[in-house]
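*Asks:* Each residue of the sequence shown is one higher than the one before, starting from -17 at the first, in the working numbering.
PhoX-like, lysine-lysine: derived pairs with alpha carbons at most 20 Å apart:
1) K577 - K630
2) K468 - K498
3) K533 - K471
4) K471 - K498
5) K92 - K40
6) K474 - K498
7) K393 - K667
8) K391 - K667
9) K533 - K474
Since the hints were derived computationally from the structure, they do not count as laboratory data.
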Amino acid sequence: MAQQVHIFPPLGVLTQVREPVMSFRVYFVLDRNVVIDGNALLVQSAEVWSNIFNGEWKSIALHTEDMIAKQEHETLDFELAFIDKTQVAGQNSSIQRFGLDLPISDSMQKLFEFTVRWQDSSSSTWHWAGGVGQNAQVSLACIGAADPCRRKKPLLPSFWRQRLRSIFHPAEPPKDDDDHHHHYPSPVAVADSWHMSLVGASCLFKSSSEANTSSTSTASAQTQIKAQSDRVISLGRLSSVQQYLAFVRKDPFWIIPHAGNSIIDTGTMDIVLLLVELDLGTYVALMPFVRSSDTNCVAVLRSYPNNGLLQIATSSPISSGSVRVAAAINARPNDAVEELFLRIQQCIPSRTVVPSLQRPSVQSKHSDAVPDTLLEAHMGYCTWNAFYQQVSHQSVVRTIRAMRDTSIKDKSPFPAWAAIDDGWQSVSSYDGFGKLCDIFANSEKFPGQLKQTTNELKDLGIRRIGVWHALWGYWGGIDPQGPLAKRYKIEKYHRMRSPVAEECDVWLIASSSIQKFYSDFYSWLGSQGISFVKVDYQAAFETLQGYSEGKVSEMYNAYLNAAEQAAYDHLGPGSVIHCMAQSPHIIMRALQQLKKEDDVLQNAYSSCFAERSLFRNSDDYFPNVSSSHAWHIYCNMANTVWSRFLRKQYVADWDMFQPSRQGCHIHAVSRVLSGGPVYITGDQKDCESQRLSLYVGNAGLITAVEPPMLDVQSLFMDMTVAPRFLIATTCLPDAEAVSISVFNTTANALISPISLARVYADRSADICESAQQMAQPGYYMTGNSNTKIKITNDNIINSNSSNNNNSGGAGGNSDYFALYQQSTNHVLMVPKLPAKIAIALQPLGCDLISVFRMTAIRSGDRSTVLYAACLGDTSRFVSASVVERSVYGVLPRPSSIGSNSSLSSNYTPPASPSIYSSRQWNIRARVAYQPTAVAFALLAFETTLLARKHPSITVSSIRVSGYDISDSCYWFCKSTGILTIDTSPISEMTSISSITITLTF
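All chains, please: the whole structure from these sequences, using the hints.
*Replies:* See the structure below:
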């Protein structure tokens, strides 16, 4: 028997196939020690047992392909080239692959099932995969002439309008309701305020009737979880739903993903945003909101699976005329969500939340000056999981000093900022009932107050220090017998039970005094050397009895306004980390602020707004809870579906991670890809056990990337349960690359194919505009002089360039791609992307496949074409993120480049100018973030029609930021075409900006 059997599409779940080919794959992991008649155990045959054709169950034979190394003259199987066998098999194991690709035709069932059976060499018995009810379900999205994803011509706006306006149908009576006199009303929502285009449409839905939960006698138990004053407005039943992803409120503080199939069932959890896939491969996003400017009321959706009804619930009574559901339809799910947020932002009333906040100018990611926050630009440190509430001055300084010593000894990254988490304040007790006594630090733990701690930390090299506190001051509010109660007006409220605190009475500072409290609090923090705050427990106001009343909700806003204004005034811009704040109230508040600033924010999604606040993207990281790690990765990835569209205001914070603990590698990789901060917890021994430079370089610099985008195959199922990879993509337009991140968030090892060509095609359009801009001729400054170097595009021939000429490429094809696998440093250069590649990963394993579109440049005599791509810093994950500009051609450089006597002789400028030859290329790329090992993929073809020849390439010279690189500091493998340059000596002495390479053939 096989040790492991990996089947794709996986058994037990629904898979949507969007390619024009139906692919079956089965991977068998076999133990070579098992011998049958003197031969190792092998699988002899494998079959798919399916009803794919006309609904009739029958067997379909699969073809075999074992993973024995092929001879050099045989064609390389790209699908198998990226499997790291050690991830799933031992030294004495082998892998056999069986597969079949069937072009999709109308004779196939749009929805079918299958399982797999096989015979091995031990007997003629058929072995079956799975059990009863565990067949794989497959939906073929390509079948159907109306499928918008596969049409060559764009659809008319009328198609999108009709498709969207008809999604709501009357709800059916509950199946378990015997009393036909009492059941939910079945109105159909009415659509108005249309925006239409060739790629989608959006509108606002309003209900034709409404109902109050208090008067609905047959309302389910779910409707009773809110206050009596809740208002419920019926919409109808969503039709033609194939799959859905709902973002629901797990509790008042956090939003989590909840995926399912055709029946929307989120239990007692309210829906903040709903994304559904319809039966024709289109996607609809829905989100309720309140348009009134004189209320703090917010709205959510509720589902009733027994009759399919979808309703709007509001936090307080309000006229149904002020409540709308924004809806957007698109052939791409993320575009639907983006349009949804834009429509809401247009319709809600604008409000300047903090009037005096000003948005400073944008900084480039390669600028020597880093954003003032440092929080998203450099690696940081948090005390929480190292000390919890036992934190003290001595423990913090001791840990940071040990980390500093290790950094100096090993040249490893050192945190630029540190956060002192819960445990430093003067409180009655360090628990959920604890009350804040005064704004000062606990004198027993911090005898010199915070000033002593910040001074010593800054002497050790920490550039910014922050502290934690709850929005109320502490978890249990204010101590009514303490000093604060004598200086500020306080009021008594009753807190209901929540997942983080028990029911009790709490005393809070009154709205009339909260501005003065925060001004005093943050002024003192600033005087102590504190420059940012982590404000926790923000949605706690929603746990107060009477939250639906106007006073508490106004108090909610007063606290948030006071904290943000005081932070800006006393700590500076970008000085708040928002935590336990995933509330519709706070999300709508952010959208209102963004609408007010729209005329100022012309640069919509620039990578470094120095004043943006950090916003926790998920619940906490729990290093000691094994089951939490996969969920933490999945939850954060899924939440980027909506949080990415708040990034003008907030930077998504995926929380800290602890080196050396379970899952530390997958956590580190996900933080680097998050587009937000990367910070660690633990002690100096934890940091020594994991090579952190792999993620942030030796200097601890965080590369600026956009938040990852979940692939559509990972959207509509719980990826901690579904037996498949979690796949996300990161667009890196500066490098002309798309990085495909692959995570195994399941409990078992997996081998599975990735639809590489489709995944790349889904994101490659996002880099086209930037690539075209980079291809324009112009001037660039040299790395460390005022010399201008002319950029020439006369010889650039791939389709990036305005001088597009496809006649010069290999076989007339001007496109070539370089595929770089981060885990193995494996590189392939191909003229066409393979449809699929297979990946093998252990539980909590991850990998990164970066796809670079190579630049094609003619030689001086136009006889040969060079394809080149800068792979970035291969010594760190997301190597391409250090690339500031991909490969381009330049004219020979003048010799009058300034020198620097402080550099070694290996890095001094040349004594004479380079001599230009017609049989050479002069190429350049620009990089940032102090890389230590920059790699290039190089491939040359003679432009002959008779045969495709590969001329031998020779590296003549390499210059990094204007300084020559000696032969001992670079390696060029002619057989693979990979050039690797050791840039670490220069990175230690100066900032690297450009790399110029002269090649001859």
